[in-house]
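Asks: Each chain, letter by letter, is given below.
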Amino acid sequence: MTLHLSIDREACQGYGNCVLIADDIFLVADDGRAELKVDVVDESRLTSVQAAEYDCPTGAISFERENGDAGSG
Amino acid sequence: MPVADEVLIAGGGIAAARTAQALRLFGFTGPVTIFSEESLLPYNRPPLSKEYLVERRDGRPEPILTGEELDELGIAIELERRATGVNTTARWLVLDEQETVPYDALVLATGATPHRLPVLRDCGQCYSLRSFDDARAISARLEPGSHIVIVGAGFIGLEAAAAARMNGCEVTVVEMRAVPFGDVAGPWLGGELQRWHERHGVRFVCGASVASAAPRDSGCRLTLSDGATVEADVVIEGVGVRPAVDWLRQTPELEIDTGVVCDAHGQTSVPWIYAVGDVAQRMDGDRRLGTGHWTGASEQAMCAAATMLGRFSERREPDKTYFWSEQYGSRIQCVGCFPAHGDVRVDSGSLDEWSFLATCRVDGRAVGAFAVDLPGPFVQARAALRGSIDGRGNDT
Numbered sequence: 001m002t003l004h005l006s007i008d009r010e011a012c013q014g015y016g017n018c019v020l021i022a023d024d025i026f027l028v029a030d031d032g033r034a035e036l037k038v039d040v041v042d043e044s045r046l047t048s049v050q051a052a053e054y055d056c057p058t059g060a061i062s063f064e065r066e067n068g069d070a071g072s073g
Numbered sequence: 001m002p003v004a005d006e007v008l009i010a011g012g013g014i015a016a017a018r019t020a021q022a023l024r025l026f027g028f029t030g031p032v033t034i035f036s037e038e039s040l041l042p043y044n045r046p047p048l049s050k051e052y053l054v055e056r057r058d059g060r061p062e063p064i065l066t067g068e069e070l071d072e073l074g075i076a077i078e079l080e081r082r083a084t085g086v087n088t089t090a091r092w093l094v095l096d097e098q099e100t101v102p103y104d105a106l107v108l109a110t111g112a113t114p115h116r117l118p119v120l121r122d123c124g125q126c127y128s129l130r131s132f133d134d135a136r137a138i139s140a141r142l143e144p145g146s147h148i149v150i151v152g153a154g155f156i157g158l159e160a161a162a163a164a165r166m167n168g169c170e171v172t173v174v175e176m177r178a179v180p181f182g183d184v185a186g187p188w189l190g191g192e193l194q195r196w197h198e199r200h201g202v203r204f205v206c207g208a209s210v211a212s213a214a215p216r217d218s219g220c221r222l223t224l225s226d227g228a229t230v231e232a233d234v235v236i237e238g239v240g241v242r243p244a245v246d247w248l249r250q251t252p253e254l255e256i257d258t259g260v261v262c263d264a265h266g267q268t269s270v271p272w273i274y275a276v277g278d279v280a281q282r283m284d285g286d287r288r289l290g291t292g293h294w295t296g297a298s299e300q301a302m303c304a305a306a307t308m309l310g311r312f313s314e315r316r317e318p319d320k321t322y323f324w325s326e327q328y329g330s331r332i333q334c335v336g337c338f339p340a341h342g343d344v345r346v347d348s349g350s351l352d353e354w355s356f357l358a359t360c361r362v363d364g365r366a367v368g369a370f371a372v373d374l375p376g377p378f379v380q381a382r383a384a385l386r387g388s389i390d391g392r393g394n395d396t
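Protein sequences, first through last, are from chains A and B.
Numbering of the first sequence is given in this note's numbering, commencing with residue 1 and proceeding in unit increments.
Numbering of the second sequence is given in this note's numbering, commencing with residue 1 and proceeding in unit increments.
If you are wondering where the hints come from, they were derived from the structure by calculation, not from laboratory data.
This one's a predicted model, so the numbers in the text were calculated from it and none came from an experiment.
Cβ coordinates follow ideal geometry from the N, Cα and C atoms, glycine included.
Accuracy of the hints is not assured; some may be wrong.
Unchecked claim - Using C-beta positions, here's what the derived DEER-type ranges look like:
1. R242(B) <-> T58(A): 47 to 55 Å
2. S6(A) <-> M283(B): 36 to 44 Å
3. L27(A) <-> D286(B): 36 to 44 Å
Work the whole structure out from these sequences, hints included.
Replies: Okay, here's the thing in structure tokens:
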């Protein structure tokens, strides 16, 4: 299982909570808005990704779960 | 550790909603029911003192979780249902002083109640700001030319001041301390914030409190502790909040100080009862952990849900102090502390352009960061402070 992430950069206002939660996944770019360092992560990062989604004041972060071929359930 | 079969959540704000969501995130499949005394589904409160007042909005706030999303998650919510007591022996929650509902695990998430000054009780034109109804009532009174007196210059008071000025109101802020925001951002930044508001036309009376208030014509007249009088069409109180614990006072086994005492993970003094959000008083031994704002409430909820389900490796240390504010279209972000003896410097940007990052150091060590419209550098400063002021774990 993998998690496919996306950021709505129009909605993002650069609060940076996501970066504080997972700075290997999110960064604040020079324009002050968040960007993804990677857009697919392993499901083992679910807690961080979910926390980032919860903690985004503008609701700019979303993700979808996708079953991988080699998923062990 | 056995896992509860059914979880009840008392309270209907961000902490309640996030706890329910987090229980599902961590795989809990039993019934989850939220009892909220509000008539609306849980909504975010930060916008109430910001865009709601600036734009004088009347429409209902967007729910944190829509009815459809609640259904999908299998979360039940009962609105206009007030939690009024707990029987920890029988393990039931009392609703509306008459009905009892059994629980396996109970989450206390009843939030906080605004302090109300007794001296303003009879002035007739006084508002506090906590709920959507409060924001709507205040918005309706922000008529251009009205004289709005704001008592208390914390961030609610300053946001209300900015919104009132942006709507063409005359604004006076009465603050008992020497500078606005001083207990949060320290005296130096507090002074800069005051001058910024003054440039926008706000009048400050600092070092004074309200001695008496009396209705007068359509408004009221306040007499201050220094003898001055102030005429007001509307008075807004922004003098802080206290945890909503009155309904728990008859439960002596539940330790309550100013809030419901719990450990860093939300566990209270009673097994299977957890506290999250503004009602919680989180302690690390004898050390009081910071109270949360919006971010902290959400993270505490995840932490408590993980604790409840024995998913200890999933727990993250909630952010203790971060908050943001919006005034005159500028975003202020603050984390850490700014003690009066701290050394505050502007590290990036400029005060003149009102876009800057300032940090506070004590004995050479950074303890606080404060930024206006400089999100990138602020995030870096916040990350650098993380180890000392809001250390978190990670997934692994």
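Asks: Could you tell me which of the numbered hints above are not met by this structure, giving the numbers in increasing order?
Replies: 1
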